[in-house]
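Listed below are the residues making up each chain.
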Amino acid sequence: MRLQSIFTIYKAELLRMRRTLIQSIVAPILSTSLYFIVFGSAIGSHINEIDGIGYGSFIVPGLIMLSVLTQSISTGSFGIYFPRFNGTIYEILSAPMSYIEVVIAYVGAATSKAFLIGLLILATSFAFTPVSIQNPGLMLVFLVLTCITFSLFGFMIGIWAGNFEKLQIIPALVITPLTFLGGSFYSISMLPPFWETVSLFNPVVYLISGFRWSFYGQGDVSLTTSFVMIGVFLSVSLIITHWIFKTGYRLKP
Amino acid sequence: MSDIITIENLSKSYASGVHSLHDVSLSIRKGELFALLGPNGAGKTTLISIICGLTKITHGHIQVGGYDIIHQYREARSKIGLVPQEITIDIFDSPWKTVRFSRSLFGLPNNDDYIEELLKSLSLWDKRNQKMITLSGGMKRRVMIAKALAHEPQVLFLDEPTAGVDVELRQSMWEQIRTLKSNGVTIILTTHYIEEAEEMADRIGILNNGQLVLVEDKQTLMQRMSTKQVSIELKDPLATLPNTLTPFHVSLHEHKFIKMRYDFEQETHTIADVLDTLKQNNLTYVDIQTEQDSLEDIFVRLTKS
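Which chain is which? The protein sequence lines are A and B, in order.
With this note's numbering applied, the first sequence corresponds to residues 75 to 327, in that order.
With this note's numbering applied, the second sequence corresponds to residues 1472 to 1776, in that order.
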């Protein structure tokens, strides 16, 4: 394993994040703060508790997940798409690195950024609402697994995308709706039975539920189911990434 | 001189069905400057891309420095520096940062003294901290060369390095390429400028329609393939050529010039034979001019045949 080569890409990606500090970190924190103000404080004060948890506190895990998923995908996709777009990918592909090392570098950088943003949003939430974390270790494990899985997913989008529009299309048209409908702002048990069943086909439900479980000891589905599902997503992402490099899809003609 | 690159029976077909290379076998000698010529779409860039790991092999084997580029790709790629055809750099970086990045990417420890020397040799030192967006096209191209040399490769691929650059910069880049060669770097150059190959190459390879139609030492090639045209200006105009000149395959132009194409290898008659015949026919000549085929003439002949 060429650690230095991995670290070189990793560091360059994080420096790029520093170069766009406002867009990278301040913007997600600001938008999440607005969610807390609008849904948590303004509207939330008129909503009853859900499963014995105040509404402002209830939405904290979902809002963190919303930002983490978005950031993981956008950073993961842009990280590999940008060198493809400007042509500098030749340098990565001609370097004495294995594809696993390349993936670790890019996905690692996207994971780090998303993880950091997740923690910053968690810290921000303390300013707006009382938050308790019953199982911090579990919370961190869930956060890391989610960051890795969706950074990897973003990496695949970055390889698939042929232009900037395609880069945005899956996060905007698929991920954001799934996250909003995945129980970020409500418990799926509040839905009519039919829609509750439909929601179970939404993979994001399992992520948010598991994450909320680490905060409040309860979720829409069991903790084991959440872990199994995130394991499935991660495995599928790894298999597809392996296929991409094996076939050279959109990288090596 | 030992070989640093060996290519055996290399073929490349794309998923679209396009066959870009057909059974190419080639050896590049250590320390030489090899010019790869060919018309657009001949397969030059494909060949370079395969060696550098940017394009997959369909069939065949390649070794760089004795290492197989598939099974021992780390060792093989460590020996290669690539300057692609297009200028592809992160315009928000500075030359200093991007060259350091390239070195580190290849797993080498930082060596700021080497990078300083490299940037100075490419006249980039004064611009080392400027954002690349502010640099001229020629400077950006030199940054590309600096990046390719950052990890001290033994082999440097220059894919049309002087395309679109002005004459002055081209001359300066030729000088830099000569310096690299004198430092022991093996250089493989593709170019559209035939005079570039004529000026610098030790050996020349010509690719046409994905096939390597010729590999030859430049001097030998010029001698072997080149024909001379001799133009003899007569003192007095001539209506028709005397029959005694027919065996020499000469032609009469403007009733005053006798022209003869002269092939070093194939011609059985010499210019002296022609002049003797003129003398025997009491034809006086006042001037003799010779022109030799350039590499470009040879190239055009080979790629059109």
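It is possible that some hints are incorrect.
To be verified - DSS-like, lysine-lysine: derived pairs with alpha carbons at most 25 Å apart:
no.	chain 1	residue 1	chain 2	residue 2
1	A	85	B	1611
2	A	326	B	1550
3	B	1611	B	1598
4	B	1598	A	85
5	B	1527	A	320
6	B	1652	A	85
7	B	1550	B	1602
Quick caveat, the hints were computed from the structure, so don't treat them as lab data.
Hint check results:
no. : hint            : in the structure
1   : A/85 / B/1611   : holds, 23 Å
2   : A/326 / B/1550  : holds, 20 Å
3   : B/1611 / B/1598 : holds, 11 Å
4   : B/1598 / A/85   : holds, 23 Å
5   : B/1527 / A/320  : holds, 10 Å
6   : B/1652 / A/85   : violated, 34 Å
7   : B/1550 / B/1602 : violated, 29 Å
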